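There are 2 protein chains.
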Amino acid sequence: MAKPTPLSGFPEFLPAQRFVEQEVIATLARTFELHGFANVETRAVEPMDQLLRKGDTSKEVYVLRRLQEDDSAKDKGIGLHFDLTVPFARYVLENAGKLEFPFRRYQVQKVWRGERPQEGRFREFTQADIDIVGRDDLPFHHDVEVARVMLEALSRLTFLPGFRLQVNNRKLIQGFYAGLGVTGDGIDEVMRLVDKLDKLDPAKVRELLLDEAGISEEQADKALALATIRSTDDSFVDRVRELDVKHELLDEGLDELATLVRACAPLATDTVRIEADLSIARGLDYYTGTVFETRLDGYESLGSICSGGRYDALASDGRTTYPGVGISLGVSRVLVPLVQRGVLTADRSVPSVVLVAVTDEESRSEADAIATVLRARDIPCEVAPSAAKFGKQIRHAERRGIPYVWFGSEVKDIRSGNQVAADPATWEPPNQDLRPQVLTTTASDSNTEGNPS
Amino acid sequence: MAKPTPLSGFPEFLPAQRFVEQEVIATLARTFELHGFANVETRAVEPMDQLLRKGDTSKEVYVLRRLQEDDSAKDKGIGLHFDLTVPFARYVLENAGKLEFPFRRYQVQKVWRGERPQEGRFREFTQADIDIVGRDDLPFHHDVEVARVMLEALSRLTFLPGFRLQVNNRKLIQGFYAGLGVTGDGIDEVMRLVDKLDKLDPAKVRELLLDEAGISEEQADKALALATIRSTDDSFVDRVRELDVKHELLDEGLDELATLVRACAPLATDTVRIEADLSIARGLDYYTGTVFETRLDGYESLGSICSGGRYDALASDGRTTYPGVGISLGVSRVLVPLVQRGVLTADRSVPSVVLVAVTDEESRSEADAIATVLRARDIPCEVAPSAAKFGKQIRHAERRGIPYVWFGSEVKDIRSGNQVAADPATWEPPNQDLRPQVLTTTASDSNTEGNPS
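Here the protein sequences come in this chain order: A and B. In terms of UniProt numbering, the first sequence opens at residue 1 and continues consecutively. In terms of UniProt numbering, the second sequence opens at residue 1 and continues consecutively.
Treat each hint with caution, since some may be false.
No distinction is drawn between identical chains; accordingly, a pair holds when it is met within one copy or between any pair of copies.
[What the hints assert, rightly or not] The calculated DSSO-like cross-link candidates involving lysine-lysine, where the alpha carbons are at most 27 Å apart (straight line), are:
(1) K3 - K98
(2) K3 - K222
(3) K3 - K389
(4) K110 - K98
(5) K196 - K392
(6) K98 - K389
(7) K199 - K389
(8) K246 - K196
Note that these hints are calculated values from the structure, not bench results. Bear in mind that the values here come from a model prediction, so they are computed numbers and not experimental data.
The following block holds chain A by itself, in its conformation from the complex (with noise of 0.2 Å):
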């Protein structure tokens, strides 16, 4: 076999790297359980009518079929999913009488998508994602839940560079374009072609909702001066009444993104930032109240890395409908183009804190009784391969990033060379070597934006 070379689109980590995915993975998992949020996991695979029923996702599907699979079987197809809202969305429909409403679970898992590749755009990525359905009814305190949950795990990730989660409410919106005047299909036309301001200049846009939407010149001021509002209090409120456009749907969007506002400004900190921000509509979504989109400091042109909202009717099946709200963050987009840059990675690439030395091979079971006494609690490590001189065994643990080597009756920390008695059975290192940590480095080197390696 030749060497393979890697698949584009397919991201893969090396050991080091790996670490760092995991301790997100489990910092977000940690914050999302001290929430109450129970996990789940969801086959990789759906019936392909359930992934095409949002038409513009049909060309990303990647299909499945056996090796032998014969024609006539095609019509049963299945294809891998896309995102993790689909499936959650048929295993509460098909659980729903085992499963006690509200719901709350978080999901982290891989997604597919056949799309080209490009910068933080994979066709396999990890997406983690929370949730909360309710039968029937579900109140709105949840939106401003989620947003909670979701910024408290982002401030945990203390490694990463800052975030700034941006909000937005679909009521808003159509209650103010509905208060202009537009009516019916139009309003969703008029939130489609406003919602290109972050590709298109502001003088363009009007041109299509001149043009495209057909409304008048008036409404278009009004339309993009909604959409230039943003304030990380609830002073936007003001702002948008100033605009003197009046609805009762307005009302009700306004209500609901300023309390979301002020219940969410006292867990910003110096790196976590929220704001409304008026211009966020998540245009292709199915969103029928708030809407998230979050930004990555100095990665801005990854685009959204964490969105989601609020939908009416989450799932249904025809008698009973479940709302829900939920917010996807896309770990594989942040994580990838930090770790090919070199931003972040661990400081070693194994869990070991200490390699026990063996003196010969006759000796091996000694170092093993060592190793058994120290994992016995709770201190991984490994026991030297082979019976090398010391000064081999050494640079086996150097180059592995392990930071001691156990002689016998001695331990020698091999960064300071410092080297002492100890007993397997009482010797503890400092807290900050037991586990691998995350190196970032500094901003001056790696905050500058490039093509992945």
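Following the hints, put chain B in place on chain A, whose structure we already have.
Same frame as chain A, now just chain B:
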């Protein structure tokens, strides 16, 4: 959307059941890390030519195709991996220059096989593998090591039925047959036929040995006699010697297997046992020394739930050969039947230890503040979703198995009804209440075989 139905062969768990799986995986990972194994995750897909190198698995592979893909792309086909060994061998070759050898890794991931679903056999399932791979050579003591690590991991899964790890050595079998005078391909042919003893009568296997392998009656009788030998210590050596067959490779195999059994015997417990079983051959795989299989007590019909062995060439790029030894636990194969029969579940469906009651919606922020204090002390909790009557809030906790409900300045253990004054800044639940606990039904209810529900 009508109520969806499960897909045969793609098992999923309810939250309390999933907790059992998380607990198993966390225990395995912790044990593997204590022994210095680094975690690796490989992509779910491999090029088809890699997946089809073992001819007999071709029918089981799921091929991937993008929905909009044209036929010309077919030659660059990819499929889902059917085990974790093929991807790991590829990963080692691809990253050989960046890894330190001997390289020790564990990997816990889903794999996919398009085979017909049946008891303990699924189309999507989770495996947990450990392997040690060397460059050019890998000392035999690593065979001992992987066996010991897996024995330790299994013995920590105290809520599972007992395990019996069966070990043998290909050198022993092949040297024995060679010593009998069997030559060339005949050796593999005899091994393949003797391997059928777990399905066929010894008399039938004897007939096949004479007819298909063309060996003599005396050779067949001795081959069958070898396969009847088993022992929990190294006494199997004398029993093989009594058969009066001599060969250098046989001596090497006997020596390795005796060393392995002696080194593992001290790890045996009431529930986790090891035995030399000279009928074990793992006939279809390319092992070259040690081979492992494992039976789950009371569930022998599942077949081997944890298998592996030594490959002299786990991977090779033509210039360098990477020998390896490893063992793979079928996490789903063990858990799905036990969970589906109700033998295993957890005592709650959420991580929450406490439900903080809400008196009225106006005071929800006070309940939130109590929850925040508890969480800062690593106590998982959730706030009641509505300010219903307290009886209803208690039932909300009961249905999820949450043991405590917090009312203002008091906390109630809803199992005992005991309610005491408490401060969220100092209150601590008993340790066993901090996390969900795995529940097992008694052996008399459960330890029988049958079809999964």
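These are the hints, each one checked on the structure:
1. K3 - K98: Cα proximity of K3 and K98: across copies only (13 Å, versus 50 Å in one copy).
2. K3 - K222: neither (60 Å within a copy, 44 Å between copies)
3. K3 - K389: Answer is neither: 32 Å inside a copy and 67 Å across each miss the 27 Å cutoff.
4. K110 - K98: both (25 Å within a copy, 25 Å between copies)
5. K196 - K392: neither (60 Å within a copy, 47 Å between copies)
6. K98 - K389: So K98 and K389 pass the 27 Å test across copies only (24 Å; inside, 62 Å).
7. K199 - K389: neither (62 Å within a copy, 51 Å between copies)
8. K246 - K196: within (25 Å within a copy, 81 Å between copies)
Hint check: violations occur at hints 2, 3, 5 and 7; the rest are consistent with the structure.
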